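J.: Make the full structure from the sequences, and use the hints.
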Amino acid sequence: GAGVSQSPSNKVTEKGKDVELRCDPISGHTALYWYRQSLGQGLEFLIYFQGNSAPDKSGLPSDRFSAERTGGSVSTLTIQRTQQEDSAVYLCASSPWTGSYEQYFGPGTRLTVT
Amino acid sequence: GQQLNQSPQSMFIQEGEDVSMNCTSSSIFNTWLWYKQDPGEGPVLLIALYKAGELTSNGRLTAQFGITRKDSFLNISASIPSDVGIYFCAGTSGTYKYIFGTGTRLKVLA
Numbered sequence: 001g002a003g004v005s006q007s008p009s010n011k012v013t014e015k016g017k018d019v020e021l022r023c024d025p026i027s028g029h030t031a032l033y034w035y036r037q038s039l040g041q042g043l044e045f046l047i048y049f050q051g052n053s054a055p056d057k058s059g060l061p062s063d064r065f066s067a068e069r070t071g072g073s074v075s076t077l078t079i080q081r082t083q084q085e086d087s088a089v090y091l092c093a094s095s096p097w098t099g100s101y102e103q104y105f106g107p108g109t110r111l112t113v114t
Numbered sequence: 001g002q003q004l005n006q007s008p009q010s011m012f013i014q015e016g017e018d019v020s021m022n023c024t025s026s027s028i029f030n031t032w033l034w035y036k037q038d039p040g041e042g043p044v045l046l047i048a049l050y051k052a053g054e055l056t057s058n059g060r061l062t063a064q065f066g067i068t069r070k071d072s073f074l075n076i077s078a079s080i081p082s083d084v085g086i087y088f089c090a091g092t093s094g095t096y097k098y099i100f101g102t103g104t105r106l107k108v109l110a
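First to last, the sequence lines map onto chains A and B. Just so you know, this note's numbering puts 62 at position 62 of the first sequence, and the rest follows in order with no gaps. Just so you know, this note's numbering puts 26 at position 26 of the second sequence, and the rest follows in order with no gaps.
In case anyone wonders, no lab produced these hints; they're calculated from the structure. Quick caveat, the model's predicted, so the values are computed rather than measured. Any given hint could turn out to be false.
[Claimed, not checked] Distance condition first, Cα-Cα at most 30 angstroms in a straight line; then the derived BS3-like pairs of lysine-lysine: (1) A:Lys11 <-> B:Lys70; (2) B:Lys97 <-> B:Lys36; (3) B:Lys97 <-> B:Lys51; (4) B:Lys36 <-> B:Lys70; (5) B:Lys107 <-> B:Lys36; (6) B:Lys70 <-> B:Lys107; (7) A:Lys15 <-> A:Lys57; (8) B:Lys51 <-> B:Lys36; (9) B:Lys36 <-> A:Lys57; (10) A:Lys11 <-> A:Lys57; (11) B:Lys97 <-> A:Lys57; (12) A:Lys11 <-> B:Lys97; (13) B:Lys51 <-> B:Lys70; (14) A:Lys11 <-> B:Lys51; (15) B:Lys97 <-> B:Lys70; (16) A:Lys17 <-> A:Lys57; (17) A:Lys57 <-> B:Lys70.
T.: The structure is reproduced here in structure tokens:
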């Protein structure tokens, strides 16, 4: 079966523009996570979804970041008025249920803000 | 955000050598995970640990959950060129929120 997919794989945008990053989790997985990985760093937790709801948004770096999930499946991470410090790889992972150690990661979206 | 301390940051080893890396936290965890990330890919889960003192193997990989519950170790025996990549530890105290280490970049010299 298909794994987690993310699109686009690479995105170059100008400072101040908005971007949307998409994640398609493994079918049937109820939990979905977004992480940010800056160059040479570990993974920084951003937000997680249980179904369509996001109980904890505290990891989002600023109010320019938002995320939604529809139909318990596809999720979109939106960054408004991008800044150069937003440049990073954004990784999505899905799990069969919240708290499962089985987090399956997508390949990530590399965002570059010029 | 909070991160775990992982060491060494990078290492170069000869093919066939054994590798050891560790991860320490200021907080107690009840689950430790070890991931490997290849260039341009997302992390892949290698080993999961659930109990203090637990020793778990996956092929040439062995990981241990430290007795204090604040550290974990990963060993790779008889390294091969395809072991190259970045190894991450991650821990959780039982919630959805996993804290990731800073990574150990491994390079194997044939």
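J.: Please go over all the hints and tell whether each is borne out by the structure.
T.: Now for the hints, and whether the structure bears them out:
no. : hint                 : in the structure
1   : A:Lys11 <-> B:Lys70  : 38 angstroms, violated
2   : B:Lys97 <-> B:Lys36  : 19 angstroms, holds
3   : B:Lys97 <-> B:Lys51  : 18 angstroms, holds
4   : B:Lys36 <-> B:Lys70  : 21 angstroms, holds
5   : B:Lys107 <-> B:Lys36 : 13 angstroms, holds
6   : B:Lys70 <-> B:Lys107 : 27 angstroms, holds
7   : A:Lys15 <-> A:Lys57  : 24 angstroms, holds
8   : B:Lys51 <-> B:Lys36  : 21 angstroms, holds
9   : B:Lys36 <-> A:Lys57  : 27 angstroms, holds
10  : A:Lys11 <-> A:Lys57  : 24 angstroms, holds
11  : B:Lys97 <-> A:Lys57  : 11 angstroms, holds
12  : A:Lys11 <-> B:Lys97  : 27 angstroms, holds
13  : B:Lys51 <-> B:Lys70  : 12 angstroms, holds
14  : A:Lys11 <-> B:Lys51  : 41 angstroms, violated
15  : B:Lys97 <-> B:Lys70  : 16 angstroms, holds
16  : A:Lys17 <-> A:Lys57  : 22 angstroms, holds
17  : A:Lys57 <-> B:Lys70  : 26 angstroms, holds
Hint compliance for this structure: hints 1, 14 are not met, and every other hint is.
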